[in-house]
Structures are given as C-alpha cells and as structure tokens.
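Please put together the full structure from these sequences, using the hints given.
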Amino acid sequence: MLHRWRGFALGIFAVIIAVGSLTGAMTLLKLHDLQTQKILNEKEEETEKKMAVLKDEMRKATLKLKFNLLILPKQQNIRDLHMKGYPSEYMPEEYVTRLANSGIIVVRHFLPSLQQRIKWPEKNRTITLIGTRGEVPNLHKDPRRPLVQPVPPGTIVLGYGLHHSLGLHNGDKVKLLGREFTVHKCHEERGSKDDYTAWIHLSQAQELLDKEGHINAILALECICQGVEGLLMKVREEIKQILPGTQVIEMGTKAIARAEARAKVGQEAKSAVERERRHRTKMRSEREFFAAVLVPLVMVACAVWIGLLAFNNVRDRKVEIGIQRAIGFRAGQIMFLFLSKFLIMGLLGGLLGIFTGLGLGRWLALVLEDDMEGIATAGELFNPGLLLLCLITAPMLAVISGWLPTMFAIRQDPADVLREV
Amino acid sequence: MVEFKNITKIYDGPEGKVTALDKVSLSVQPGEFLAVCGPSGCGKTTLLLTAGGLLRPSKGQLNLDGSDPYGVSPEMRSKIRARMIGFVFQQFHLIPYLTVRQNILAPSLALPTKKAGQRAQELISSFGLDDRAGHVPAQISTGQKQRTALARALLNKPKIILADEPTGNLDEGNANTVLSYLSQYVAEGGCVLLVTHDVRTAAHATRTLEMSRGQLVE
Ligand SMILES: Nc1ncnc2c1ncn2[C@@H]1O[C@H](COP(=O)(O)OP(=O)(O)OP(=O)(O)O)[C@@H](O)[C@H]1O
Ligand SMILES: [Mg+2]
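Protein sequence lines, in the order shown, are assigned to chains A and B. For the first sequence, the numbering used here assigns the number 1 to the initial residue and increments by one for each residue that follows. For the second sequence, the numbering used here assigns the number 1001 to the initial residue and increments by one for each residue that follows.
Rather than coming from a laboratory, the hints here were simulated on the basis of the structure. Just so you know, not all the hints are guaranteed correct.
Here are the simulated DSS-like pairs of lysine-lysine, each with C-alpha atoms no more than 27 Å apart in a straight line [unchecked claim]:
(1) Lys1115/B <-> Lys1079/B
(2) Lys1079/B <-> Lys341/A
(3) Lys1079/B <-> Lys318/A
(4) Lys1115/B <-> Lys1059/B
(5) Lys264/A <-> Lys84/A
(6) Lys50/A <-> Lys38/A
(7) Lys1159/B <-> Lys1023/B
(8) Lys1017/B <-> Lys318/A
See the structure below:
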C-alpha cells in the first residue's frame, strides 16, 4: 500500500519537475519580454522627453535666430568666390529694389555691394575695394536702426592693415584711382581680409570700376527664422523665385549646424534604444537556447524516471496482472487501468507543476534581471493557454513514459505468473 | 462442459523439453465435481491453466462449452474467461489494496453485469464475510481470504470453477467449509474441476482421477 503511494507520489513529483521546468522556462522568457518592454518603454520615454526639451530649446533659440544670406549672380562659381575672396560675376543693381519690394517678409535688410580686387596705384598696394550704399530696408518691415553704417559719397572707410601702414586717420584726404576721398572711418584690426579692404559709396565704386548699374552681391542681413528649420530653405527658395538669375548661400550663421546637432542627438538617442533592444534580443535568444536545451533534457530525464517507476510498479504487480487476466480482464482493459493512473499522475503533476514553474520562473527572473520592481505576480503570469499546454503535455508525458513498461508486463504470459509460488 | 481431447503440453525449459501433459483426455459435465489427484510436478496446474484458456496446448483440442477458446482472438478468450470460468488458487491471489467487497466485485469490471453489487452482497452474506467486507486482505484470516477468492470466482455465475489446490493453505475446518461451498455450487448445477495432491480433498468430489507424469491413470 505504502509502496504504491510512494511510487505514485514520486511519479507526480517527476511530472512536477518536467512541467515546472517547462513552465518555468516559459515564465522566465515571458518575464524577460515584459522586462524588455519595460526597459525599452522607459528608454523611449526618456528619449522622447529629451527630444521634447531639445525641440523646445531649439524653438526658443531659433525664435530669435538670425541668419545671413548672400545673394550672388547665378553664374558665380562658389569655389572661385572662396578662392579669390570676392565675387567676379555681375548682376543689375536693380535686383535689390526688386527684392526689397517683393514683400519677402522674413528678410529685414538688403545690402548691395560691388567688390573687386584692385591695385591702389597711388599707394602701390593690392586691396579689395567694396562699393556699398548702406542697406536697403525691406519696405514691408519697420525701418530700424541701420545695421551697417552707410559710407557717405566722397568718403572712404579703411581696414586696419591699410590705415595703420599708411598712417591715415579720420579726416585725412587720400587719393584712389585719381579721385580724392576723405577718410570717414578706420576699422579696428579684424584679422580677416577686411583689414585690407576699402569701402566707398556704391555709385562711386561703379564709376571707378566702370560698372555703372551693376553689383555682384546682395547681403541679406537678419533674416529672421520663425523657429522652423525648414524656413531657412524656404527663404532661399523664395529669393531664387523672385530673382531667377541668382543663387543664395548661407553666410557665417549657425542655424543649419544647430538643426543638424539636434537631429544628431535624436539619432543617437534612437540608436541607444536600438542598442538596448538588440542587447535584450540577444539575451533572449541566449536564454531561449538554454531553455531549448535544458527543458527537453529535463523532460526526457523525467520521462525515463517515470518509465522506471512504471517498470517497478508493473513488476511488483505482475501477479495482480496475472489474476486480472484469469478473472477475464482483456489486455486493453488492464492497460487502461494502468495508464489511467499515469493520466491522473500527469494531470495532478501538471497542475502542481504550473505553479511550481511560475514560481521558479519568477524567482529566476528576480535572480537574473536587475531592477525587477513591479514584477508580475504568479497570478498575473498565469494564463489559460499555459494551463491547457500543461494539462496536455503532462498527462502525455506520463502516459507515454508508462506505456512501454506496462505494455511489456501485460504481454507476459499470465500462466507463468500463476503457476509460480 | 469442458472436454480435453488428446491434449499434450510440452514446455521449452532451460534444461530441454518437459512434457507436462501427455495426451490427456477427460471431460467434466455440469453437476459434476471432478478431482484430479497427483503428486507435485505431475502437471496439475498445467491442466487447469489449459482448461481456463490461459495456456495454449502443444497438441490436441480443448472444448469449452462447445467451442475451442484457443481458436479465437485473445480478446474473445478473455471474454469467455470472464463469462464462464471462475479460478480459485492455493495462494488466494487477492488484490492486496482492494477490500474484500472490491475484490469480490473485480470480475464485474472485466465484464460489467447487472446487479453485481447485489450479487456480491449475497455472496458476502452467505460466506459469512459481512463484518469483513471493508477490510483489505492483509487484515483477514486465511480462511476468509479463500472464501473471498471463491466469492470472486462465483460473482459472474460461471459455468465452471477451476480450483488449484484451494485448500492447500487452510486448516481442516476452513478446508471443509470451502469444499462444502464448492459442493453446494455443483448441486446448484455448476461444475468443478479441482486439482490437488491431497486425497482427503478429493473425497468431496463426485469423481476422482489420478494423474502421474502428465498422464491420467484410472
Ligand atoms: N515454464 C515451464 N518451463 C519448463 N518446465 C515447466 C514450466 N512450467 C512447469 N514446468 C514443468 O512442468 C511440470 C508440471 O508442472 P505443474 O506446475 O503443472 O506441476 P503441478 O502438478 O502443478 O505441481 P505442484 O503440485 O507442485 O503445483 C513440472 O515438471 C514443471 O517443472
Ligand atoms: Mg501446481
């Protein structure tokens, strides 16, 4: 009696281990997924917050962000411009008026200029001569304090390198290409080509350079970006439409760089999330592999165990089987009697195994993962699919394991048993 | 009821062939209590298992209530046993974890019959096992064990009882009780084939045959 129950209990125990390892592995993987979801959600949320802050900063910054555009004749080679330091192509001066009257609202000032590298014959020097007439205010904007002091006709503004080496001061008279100018202003040292630049009024420059009615650049100053990065591009497009014979380049401002920096931060945050996701996926596949090897191994071991128990059991009950045959039990009936026991063993073990597995998986997750705060309870992890799986797998495992030994015992000749003793 | 026609049973033992039954011919009819007597190893158990459809003879033919049980499928053979035959063994062969009542009812699991419970209760009462019906075999006396075994053999109202040394483990009182129950069953139209080495047991039979080295001797 006791022996029989011990065998049965051991059988249930084997099933519990088998089912427990199966559900345990499944629970661990499930918890892993939940944890992954949690981590990624947190990371994504964090990224989103970061991005929101960045966007806000960007918006605030670009609200006041001013950028400068240089409008050049279309045929101007930009490489040439950078190599020589001044534009070499020309466009009509009338373009400035057209632009100013076009109603393009975001650009506050237009500064036409005519520039050329020339020899200053009187002083025997090469200089950049710039003719400018001060800015042309956008008619559709409030006239404001002028950005660049205009150069009055008959005067000259000198860069540091020129006035310093020539010993010129404000108010001195100086000759340029046969014409006399009064020094209007001497610039501080700037460390750029400005130091060797002389500024005169545009009309005089046109006259001196024999380029009446022509300019070769318009500087659009203080284009005000309304906080949308795309606007920069829009402005360029707009200008190109008003003046088809021109090209527009950005000059010495950081609007584009900032937008790029922001995009980069966003990209980095995204790739961090992606990295984490990859890490978790790799971890999962490692665990999956582990489970895929270990679980079947445990199941097979348990099946063998149950098989051995069954073998023991039927051997001990050989006489009983013989008597049952003598009484008139058919082999199938005896088989059924035995296997139904394994079925019950499987069902009971399966039921108990689920909870063992849930607990085991949960415990493993707690050991293997950090920060398992708010981990799902065993109750939450339980689901009918799992129950169904266990209630199918476990009895199958038990019945199949018990099948062979039982079959073997039943096929033995009952006469041998009954004749003995 | 049971008829042996020239039945020979040869075992393939580890030390060569053993002829346990040698051209045995006999028959038992309803209302007959046949005792086969013989010394140990003469083939008595072999005879009984052959008669019960548990041991296929090497030669010859068995006729059990008009048909040969060895000519049908194992399932059919089991059914024939359940319906027609009751076994009683010297070692009782009760199922140890079942109670007296459950043991007696065991054949009704093999062959579901109507009113099996009522029939079991009748047998329990008439065999004086009322106060032991809920006990398991380990808790009852040898006499009670054999009475339980006999009750089990009788549950499905078999046409023949095959008894192998049923009194071998019993004292004289209990032996007589069991034998008188068998006589009663025969008187009610049953038929008994009993094998024993004990001549006193054979005294209860209506007919006795001697057996020696697998052969029947008148
Ligand atoms: N499986 C077997 N293989 C070989 N020989 C066997 C086998 N079973 C029985 N025998 C032999 O067959 C003969 C008859 O055996 P059986 O069991 O029928 O004797 P028995 O008359 O019932 O003896 P006992 O009174 O001791 O029970 C014996 O000599 C026995 O050794
Ligand atoms: Mg014997």
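Each hint tested on the structure:
For the hint pairing Lys1115/B with Lys1079/B, the CA-to-CA distance comes to about 19 Å; that is within 27 Å, so the pair holds. For the proposed pair Lys1079/B and Lys341/A, the alpha carbon gap of about 24 Å is at most 27 Å, so the pair holds. Straight-line distance between C-alpha atoms of Lys1079/B and Lys318/A comes to about 21 Å, which keeps the hinted pair within the 27 Å bound. This hinted pair does not check out: Lys1115/B and Lys1059/B have alpha carbons roughly 40 Å apart, beyond 27 Å.
Note on Lys264/A and Lys84/A: the hinted pairing is violated, with a Cα-Cα distance of about 34 Å set against a maximum of 27 Å. Distance check on the hinted pair: Lys50/A and Lys38/A sit about 18 Å apart at the alpha-carbon level, within 27 Å; holds. A C-alpha spacing of about 25 Å is found between Lys1159/B and Lys1023/B, which places the hinted pair at or below 27 Å, so the restraint holds. In summary, the hint linking Lys1017/B to Lys318/A is supported, as the alpha carbons are separated by about 25 Å, within the 27 Å threshold.
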